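Go by the hints and put chains B, C and D with the ligands onto chain A.
Chains as they are written, first to last, in this note's numbering: chain A, 1 to 316; chain B, 1 to 315; chain C, 1 to 503; chain D, 1 to 323.
Fair warning: there could be bad hints in the mix.
Cut-off 25 Å, straight-line C-alpha distance, at most; resulting in silico cross-link-like pairs (BS3-like, lysine-lysine) [unchecked claim]:
| id | chain 1 | residue 1 | chain 2 | residue 2 |
| --- | --- | --- | --- | --- |
| 1 | A | Lys116 | C | Lys369 |
| 2 | D | Lys94 | D | Lys275 |
| 3 | D | Lys14 | D | Lys278 |
| 4 | D | Lys14 | D | Lys275 |
| 5 | A | Lys84 | D | Lys241 |
| 6 | C | Lys369 | A | Lys183 |
| 7 | D | Lys167 | D | Lys123 |
| 8 | D | Lys278 | D | Lys135 |
| 9 | A | Lys183 | C | Lys386 |
| 10 | D | Lys94 | B | Lys153 |
| 11 | D | Lys317 | D | Lys15 |
| 12 | D | Lys136 | D | Lys244 |
| 13 | D | Lys123 | D | Lys173 |
| 14 | A | Lys84 | D | Lys14 |
| 15 | D | Lys123 | D | Lys136 |
| 16 | C | Lys369 | C | Lys325 |
| 17 | A | Lys116 | C | Lys320 |
| 18 | C | Lys369 | C | Lys242 |
| 19 | D | Lys173 | D | Lys136 |
| 20 | A | Lys84 | D | Lys94 |
| 21 | D | Lys173 | D | Lys135 |
| 22 | D | Lys135 | D | Lys167 |
| 23 | D | Lys244 | D | Lys278 |
| 24 | D | Lys241 | D | Lys14 |
Calculated directly from the structure, the hints in this document are not laboratory data. Just so you know, these numbers come straight off a predicted model, no measurement behind them.
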Amino acid sequence: MRMLDRVSRSPWIWSWLAAFVVWFATIMVTGGASTLDLSQAALTFAAFSIIVGIGQMFVITLGPGNVDLSVPSTMTLAGTVALKLMDVDNAMIVPGLVVAVLIGIGVGMLNYALIKALRIPPIIATLSVSFIVQSAAIWTNRGLRIKPPSFLADFTTANSFGLPNVAIIALIISIFAWFLLEKTVYGRWISAIGQSTPAAKMAGIPVDGTRFVTYVFCAVLASLAGYLLACFSGGAALNMGSEYLLMSIAVVVLGGTAVAGGDSNVPGIWGASLFMFLVVSMLNTYGLGAGIRLIMTGLIIISVIMLAGGRQPGAR
Amino acid sequence: MRLTISADAIRLAIPALSLTMLLAAVFWLQPRAMSYVGLNLLFNLAVPIALATIAQMLIMAVNDLDLSMGTFVSFVACVTATFLRDAPMIGALILAGVVMVYAVLGVVIHLRNLPSIVVSLGMSFVWAGLAVLLLPAPGGQAPDWVRALMTMKPPFAPMAIVVSVAIAAAAHLLVMRSSLGVLIRGVGGNERSVERAGWSVLAARAAAYGLAGFFAVLAGIALVGLTTSADANIALRYTLLSIAGVILGGGEFIGGRVSPVGAVIGALTLTLAGSFLSFLRISPDWQIGAQGAILIIVLALRLLLNRVEKREKGR
Amino acid sequence: MPRGAVGPRGEFSWSKPTSMTGDKPKAIVEVADAKVSFGAVKALDGVTLAIRPGECVGLVGHNGAGKSTIVSVINGGLTPHQGSISADGDILAHYGINAARERGVRCVFQELSLCPNLTVVENTRILHRHLGGFGWRKRAKEVIERSLDAVFPGHGIASDRSVGELSIAERQMVEIAMAFSDAGVAPRLVILDEPTSSLDASLAEQMLTYVRHFVAAGGSVILISHILNEILSTASRIVVMKDGRIVADRPAADWTDQSLVEAMGSVVKGEAHRRATRDLAAAPVVIEQGGRGMPFRAKRGEIVGLAGLAGHGQTRMLMKLHAAKTSDWLPRRDLAVTFVAGDRRLNGVFELWSILKNLSIGSLGDLAKRGVVNAAAEAERGADWKRRIDIRTQDLANRILSLSGGNQQKVLFARALSTRAPVVLMDDPMRGVDVGTKQEVYEIVRQQAAGGRTFVWYSTEMEEVCLCDRVYVFREGAIVAELAGGAVTEENILAASFRGAEA
Amino acid sequence: AAMPVSAIADTSGKKIALSNNYAGNSWRQAMLTSWNKVTGEAVKSGVVAAADAFTTAENQATEQAAQIQNMILQGYDAIVLNAASPTALNGAVKEACDAGITVVSFDGIVTEPCAWRIAVDFKEMGRSQVEYLSKKLPQGGNLLEIRGLAGVFVDDEISAGIHEGVKQFPQFKIVGSVHGDWAQDVAQKAVAGILPSLPEIAGVVTQGGDGYGAAQAIAAAKRPMPVIVMGNREDELKWWKEQKDASGYETMSVSIAPGVSTLAFWVAQQILDGKEVKKDLVVPFLRIDQANLEENLANTQAGGVANVEYTQEDAIKVIEAAK
Ligand SMILES: Nc1ncnc2c1ncn2[C@@H]1O[C@H](COP(=O)(O)OP(=O)(O)OP(=O)(O)O)[C@@H](O)[C@H]1O
Ligand SMILES: Nc1ncnc2c1ncn2[C@@H]1O[C@H](COP(=O)(O)OP(=O)(O)OP(=O)(O)O)[C@@H](O)[C@H]1O
Ligand SMILES: [Mg+2]
Ligand SMILES: [Mg+2]
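Just chain A, with the same shape it has in the complex (with noise of 0.2 Å):
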């Protein structure tokens, strides 16, 4: 009883119930013949999301005000150099792995040293960096679309133990940042940034070592993201990213993470992930018209938000 009740309590379950709702809701159009596949592409899908999303979320969790916007841009320049560096070469994928990661920690490091040095919110500092970012991206490659090696083409799209591939790093990744969150003085500093940046710096926290590095992590996440995306998809686009802006933001707060920062959740990433897949699914296979299904979007996420009951108290 205490089980259920601490269970309905925590923030999570929302985003798990109303994914699980969509799921069966989809699944039922075709007497539930669609599960496997189905399920299957909404791991595979989520992935990307997930990954994406838990480097957003350390972002959010260090305060109000905090946020990536050049998620996308880092994604798209990732993908792009480090598909025309590997050439469809199976023996550079380890070299265009480095410097896709690599890519990651220069824009993290830009990232936080315009925030840092012009001390403008972050919105608008990486909402800059993006742009950057972005025309890099056009410049190193002309949006030309070159094919992944064919071990990662094959590796990322296929399945292990049932599970696809992607779908196991995301939560190898996810299972890395819960225990960052949870066990790790690391984690306790993100969290008390985000609850106040001057108790934290009063306590000894070092705050901007500490941002630094969330930055940092957040766009190592997305470059690998944009890495492993490209790959998936057959090849690096300048525009692959674009739609991870909005769902990055969208799976954090969906899956209960404080908006007000200071308070994160894993768990409800992948919930607001997969739901944010099967959503579009499950509109498209009822063959709503893209009006209606946008109207439907933003109702499901309005509902979910409401019963999941918002903010926490005390949070600002």
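Here is chains B, C and D with the ligands on its own, set in the frame of chain A:
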């Protein structure tokens, strides 16, 4: 005798200075801009942005954020180009209705203690869907009176300048001078103390949202007046632009610190920054990046002026 | 009389005449058998309290006794779960904030409650709902300036400045003046919940003087303070609360410092013993800081006081010392300084967290191995400190906000003291801490200093400053005097604080 | 052909600007590359004084309107325009016309009467896909439609053409429709989401830039591969070639050639030169069939789009044909 400059004045001086500097740079690059027609061309598209920025500012004044501003303005534009022209009564009713929806959103957000970011994210889908339903393909036409209003040629100063000044003045009176404005900013500053003084914070938030909806409706109408027709994606960038405009104008995300005049100046600055870039003739590859760079430069300017001001104060 | 007018001292005009006939005039507000509980906690357990015109009721009690709660009930902000409220003799079924305000009930809350982004005038507008209409700015300006002039003569606060630019003391002054201001509905009952916590002695005295005049003219005041002298010198009646009940209610003249403390259930406070002067000449200097005025220097094992009038740069000095010894970029294994906040909400507590996490955040370095927090060690240390400074809670896993202000402050102490940092910076940390707790903390500070820890202690309370080995006196952002050993006396400190002003 | 009215005026002093609303995909990049290549030579050989390309940061009509207004201030003689919206730029285009500037729109055309339009018959492009399928699969079957970006003119037009085609060939039935936003990854995601609930699919009708994503999603679901109409992207053509070699897979590919920007350039040059040009010109879309697949694939840059660049003569031919 020490000269004390109020924080509000500084909040304004900085954006005003950056606008002036940018304008000087534009005139230097393109002397043709220094004319009645030139100024109008430079600034007329800033009018709807300024209105949307004021709307966003009202929401930010109560510590919330509206991520649906762009889709909402697009939706209003679609209504303006269809109903408001073909059936003015129905059009006006729809627009009044959506202003009410904004007020209701304020109520819901307050009552259920919801994060405005998520609710407005959801609403952005709703507005986009309605806009697509209304105009599946771009089209419609601006009502003649709107078109006439946006292309009028007042004496002395071009329409864009006159209207911008009028918007700034009206918003200043409303937000900075009136009791309602004080109340709205008070909610942003310290909700509890407003409540303890016996006010209804709920009503204040509803008023802020309703006013924001009203200004956003004006933005949509003004936009159609300039473009002559609408489409469902016409103003998507207004979401980020309006936030950036408020910040450039010296506003802050929380704490109810906003400046309507600054917000209008911020909107003008953003518009001008785009022109400045195209006058620079950068390689197309880097034109997008240059937009980022100019944002950074304008904000760096703000920092520089802040520093100078602090030194003044420290003396 | 023009709208909203208050004559100089004393000539208050009531909007509604009360029956002043008979010995016992009708109570302005009377709470009968009020019960309020928050979950399992009985914040009020059957409280009956009547406030009559022309009296100043002193309300004392340990932290969490229910003082703030009864204030909320009288103020209309909280509806008791049981019991009745009557005003001017009528039992009111619907009593709320607006009903209370209509009857002239005003409140200065324990935490500051102005809007920092608005000007003083605009805040006045917020407070007085009926001040609206064309030209309200001018009227509001008159109202607040008249009241400020009356309560704090020579205050020097311009009413068009925004509150965020004011110092804490100035904000507190504005808030107090606001409560006594009259814009149509005259104040009849003003509740002051720890109003002097950020005021220095002279401002506190100005306020208390005004309270006496106000009461003499027929107004009523509820005064809550942990500084018993203020209560004893100002109140006409003193009510002692303990665990949600009123345990004593007698005229002020019947109380002494001693008997009050006894009634509150705390240990009898002895004469605050000064430490035996120790010879610290040989001790190494552990922290120093230059700047305008005299340099700052503290030695190992020393308790250094920062004194002077409130808001003259003491907190900034603490911040500077802290900034100089900590890094914003790299974590440090061996902390050089640690900090105890006075302004809990701003830079003290982490609101979303449990008591335990709030406590351990300062010393995570010691509780973690390779960056991973050892939960068992953390819990053990938490339990240890809960016992050592008696944090009143059943479970350290409760949220920090479930503690009373004083207990939250204890957690902040524990956070700092449980680190290994050799220097502890304290920013007026005893704000709102009850007498018993203070004594406990003094004792801990004494012990730790003897063990070689250095304390830099800013305090607005003279008694605490006098506990220090050496005191720096601040004036206008600079150190203007240094007093040591026997020279640390109230007279010397006051003299130094004001001498700076004349220079 | 020798033109009797040629060279009334000299265009060597004229300045032409390209106003482009989006640079974020391979088609647009190819379009800009073609522009640079062709106009660069034209400037070098003194045909025009300048031909500068401008791109907005976001794909937004309002931003492009501002861009056009700036071009007016900068004193360009002609503006070649790929518009974010057929109607929302009309205000700015009108101002340009009023300032005496020649406006030529292509691909994303504008409806303002004072501007020239070089249009592709998008409706026909959609209809022809179904027509092709009717020849390939005379018995008909289920179709999956992948659309572009909701609320955009091109999307609406192509989709209307497809639905017209289905009306014409009623043996086909559209059983599912998703928006792929003209991007492979978005299309892949959308198709993967709807696929589990669809019956067997005979054909996929597309808008370009989304065929490969659909193929990926269908392959991942281990379904029989339907006939997917491609959109001239190199990865699509390559995949098609692989399938063709492996199993004799047959389809067609159709899209507008990015080099149409160069046609628009020459048309603008001709107008500046004083040539009478009708306001509405039509360019054929670029279609690739089973027979000329290899040839087109060979001519397409890796990762790019099948392309055709136009010369001044081509432009003159198109202008003549419209008369
Ligand atoms: N909002 C609340 N939620 C839960 N418990 C509360 C709340 N408000 C008060 N309490 C409980 O009521 C009790 C009395 O609180 P109250 O604020 O009246 O104490 P107090 O006498 O003002 O203490 P202090 O001297 O520390 O200010 C406390 O023990 C507290 O646990
Ligand atoms: N937000 C809250 N949630 C839960 N309990 C609360 C909250 N705010 C106050 N309380 C309760 O109210 C009581 C009093 O809090 P408050 O800070 O007013 O104490 P106080 O009277 O100032 O005591 P102190 O003298 O220690 O400062 C606390 O014991 C606490 O349990
Ligand atoms: Mg209290
Ligand atoms: Mg207290």
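To see whether the hints hold, each was checked on the structure:
1. A/Lys116 x C/Lys369: 30 Å, violated
2. D/Lys94 x D/Lys275: Given pair D/Lys94, D/Lys275 holds - Cα atoms ~21 Å apart, limit 25 Å.
3. D/Lys14 x D/Lys278: 21 Å, holds
4. D/Lys14 x D/Lys275: The given pair, whose Cα atoms are some 15 Å apart, holds under the 25 Å limit.
5. A/Lys84 x D/Lys241: 22 Å, holds
6. C/Lys369 x A/Lys183: Judged against 25 Å, a Cα distance of about 11 Å means the pair holds.
7. D/Lys167 x D/Lys123: 13 Å, holds
8. D/Lys278 x D/Lys135: Status violated; Cα separation ~36 Å.
9. A/Lys183 x C/Lys386: Given pair A/Lys183, C/Lys386 holds - Cα atoms ~23 Å apart, limit 25 Å.
10. D/Lys94 x B/Lys153: The hint holds at about 16 Å.
11. D/Lys317 x D/Lys15: Holds. D/Lys317 to D/Lys15 sits at ~23 Å (cutoff 25 Å).
12. D/Lys136 x D/Lys244: 15 Å, holds
13. D/Lys123 x D/Lys173: 18 Å, holds
14. A/Lys84 x D/Lys14: Distance ~39 Å between A/Lys84 and D/Lys14 Cα, so the pair is violated.
15. D/Lys123 x D/Lys136: 20 Å, holds
16. C/Lys369 x C/Lys325: 24 Å, holds
17. A/Lys116 x C/Lys320: Judged against 25 Å, a Cα distance of about 20 Å means the pair holds.
18. C/Lys369 x C/Lys242: 44 Å, violated
19. D/Lys173 x D/Lys136: 15 Å, holds
20. A/Lys84 x D/Lys94: 43 Å, violated
21. D/Lys173 x D/Lys135: 15 Å, holds
22. D/Lys135 x D/Lys167: Distance of about 15 Å is within 25 Å: holds.
23. D/Lys244 x D/Lys278: 43 Å, violated
24. D/Lys241 x D/Lys14: Roughly 45 Å separates the two Cα atoms, so the pair is violated.
Of the hints listed earlier, those the structure fails to meet are numbers 1, 8, 14, 18, 20, 23 and 24, in rising order.
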